[in-house]
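Novice: Take a look at the letters that make up each chain.
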Amino acid sequence: MNNETILDAIGMIDDDAIYDAKAWQSESEQEKSGRWIDRKFGVLMLAAVLMLALGTIVYAIATNAFQSFFEQKGSLTPEQVQYLEEKTVGIGQSVTVNDYTVTMEAALCDDWDLYLKVRVVAPEGVTLDFPNEEDGWCFFESESYHSSAVDPSDVCYGMRGGGWRPLEDGDDKENTATIVFCEQTVGGDHPFTDGEVWNVTLRNLMISRQDPEKAKYIYDDLLQAEGEWHFAFPLTPMNDTAELIKEPVAFSAKKGALNGPVEYMDIVITSFELRPFGITCEYRSESVANGAADHFDVTVMMKDGNEIQAQADMGGIGQGSMGAQGYMNYNFNAPLLLDDVAYVILQNGRDEFRLSCLSEYSPTEPGTGEEAVAP
Amino acid sequence: MEDAQIVDLYWARSENAVSETATKYGKYCYAIAFHILSDEQDADESVNDTWLDAWNTMPPHRPSILSTFLGKITRRLSIDRWRERTAEKRGGGEIALALDELVDCVPSENSVEREIEAEELGSIINRFILQMPSQERRIFICRYWYLDSIKSIAQQFDISESKVKMILHRQRNKLKQHLAKEGHFDEQ
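Chains as they are written, first to last, in our numbering: chain A, 9 to 383; chain B, 47 to 234.
Next comes chain A alone, as it looks inside the complex (with noise of 0.2 Å):
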């Protein structure tokens, strides 16, 4: 067996799954288009934000720390300004290794969401800070952590849909970066929790850049640094959390193509998470055809009328004995005020489903919203 093997066997794919992959995309293409430019112009405005705020204290830059990040995406209301400067836990730890200083800047979760802000200094004459995203990056190989209040040889966290994304300083200086982790853990053994000392580990320095020699958007992974940097502090998780679900409900997920054939797999689901970063919906179904639990859209409604798109992120699903039971997890784009959801609704874009914050629930008419008549 060789590569061209694999790659020869991987054209036998299912037919549906090779379709779902471009009609998701094709689907989703206008609206993507449309974030890249608000997150532009986002980045601009922020640019200039950040060289006003120069000057200011560390510690209005500690407690904004992740500002400028979450309004890449979109603006933020004042409240969701407000609640990530209570909620950011300033650390400010620094360590060189290889000349090269980590600080870790801020760190900001909720019981399974992290977000880690990074600045990098390297020696001069280093470029670690590129003009634009597409010109390179510089992230961390790979990173560990875990709470000191449970055995490390036990638990220690790799990733799990986590990324780094380059942040823009407005230092103007080559040799510096400053860049953010995001990790979805969810799944793992152990939330974030508050007031234990969390130690994170991040592995080799590496950049990312587009090769002159080779073809447009033809990158190469280069080790800049090599070394593992050490940080430990604790965490404030903001614990918010809503359990929407008070008893099983029946519901639909969607599987396979979302503009093509559509088939429904009956779930039920067990548990809906509402938490300020994302929501973790746990279910079980007995009947998982292709092994492929799917999805639904979320919709997450504000009492001011608002309606906040969740982002299907990382999910899965596992057979047990009992049936097959799974998870699907969600993220947002801005930090969400619990107090201030109304209620969400599931659209599998055949029945839609409220749930309510009061840990009720009522169905509704399919594609009207509107509460359903009990038979």
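These aren't lab readings, by the way, just hints derived from the structure by calculation.
Glycine is no exception: its CB is placed at the ideal position from the N, C-alpha and C atoms.
There's no promise every hint is true.
Residues of chain A placed beyond 12 Å of chain B at every Cβ, according to the derived structure [said to hold, decoys possible]:
no., residue
1, K181
2, P242
3, E255
4, V257
5, R292
Cut-off 27 Å, straight-line C-alpha distance, at most; resulting in silico cross-link-like pairs (BS3-like, lysine-lysine) [what the hints assert, rightly or not]:
no., chain 1, residue 1, chain 2, residue 2
6, B, K70, B, K220
7, A, K95, A, K81
8, A, K181, B, K197
9, A, K311, A, K81
10, A, K254, B, K220
11, A, K95, A, K311
12, A, K311, A, K254
13, B, K197, B, K220
14, A, K81, B, K197
Fit chain B to the supplied structure of chain A, relying on the hints for placement.
Specialist: Chain B only, in chain A's frame:
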């Protein structure tokens, strides 16, 4: 024109079948071919061969998803064409990068390996892919079936390129573990 109507044209042996197919799926198939071949002329030829292949297989075939049916033909023909080139002329392109990445899934020389039929391997990989969470599955397919670039995938899924790379890296490791679990080689 609806897919079912285009398929009906093939079954009726109408010459419009090819032109309607080219109008609706020409760009789609060309993108697949170009990602593999990185050459406009070669990509054009692969797409034209796709229409011929489609003409020869419908009837008796009646695909349920026409786009995927055509895409599979384009992908197969383009990879064949890519292989026909001499090693020196194979050039870069996404297929070379994807193949480099897929080395992660291949057993090392010292591992215990048994011959495996391509069809059986396809079935194993199919099961692996269908067990993936939806977003990971789509990203995997975009990279290794459509041979989309990392950049393009990041844009389509609105995530960073580093996240795409990390997801793919994990998927390749999982695939290797999956193949080992299926007994096709010892995990190193």
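Novice: All hints, please: hold or fail.
Specialist: So, going through the hints one by one against the coordinates:
Separation of K181 (chain A) from chain B is adequate, the least Cβ-Cβ distance of about 21 Å exceeding the 12 Å criterion. Listed as a non-interface residue, P242 (chain A) keeps its Cβ farther than 12 Å from every Cβ of chain B; the least gap is roughly 27 Å. For E255 (chain A), the non-interface assignment is confirmed: its Cβ lies about 26 Å from the closest Cβ of chain B, beyond the 12 Å cut-off. For V257 (chain A), the non-interface assignment is confirmed: its Cβ lies about 21 Å from the closest Cβ of chain B, beyond the 12 Å cut-off.
Distance check on R292 (chain A): its Cβ is at least 16 Å (rounded) from any Cβ of chain B, clearing the 12 Å threshold; non-interface status holds. Taken as a hint, the K70 (chain B) and K220 (chain B) pair is broken in the structure, with Cα atoms around 36 Å apart against an allowance of 27 Å. Between K95 (chain A) and K81 (chain A) the CA atoms are separated by roughly 19 Å; this keeps the pair inside 27 Å, and the hint holds. Pair hint K181 (chain A) plus K197 (chain B) holds up; C-alpha atoms about 25 Å apart against a cutoff of 27 Å.
For a cut-off of 27 Å, the pair hint linking K311 (chain A) to K81 (chain A) stands: about 22 Å separates their Cα positions. Between K254 (chain A) and K220 (chain B) the CA atoms are separated by roughly 36 Å; this puts the pair beyond 27 Å, and the hint is violated. As the CA atoms of K95 (chain A) and K311 (chain A) are separated by approximately 22 Å, the hinted pair is consistent with the 27 Å bound. Distance check on the hinted pair: K311 (chain A) and K254 (chain A) sit about 21 Å apart at the alpha-carbon level, within 27 Å; holds.
Proximity of K197 (chain B) to K220 (chain B) is assessed by CA-CA distance (about 23 Å); at most 27 Å being required, the pair is judged to hold. With a CA separation close to 19 Å, the supplied pair K81 (chain A) and K197 (chain B) stays within the 27 Å bound.
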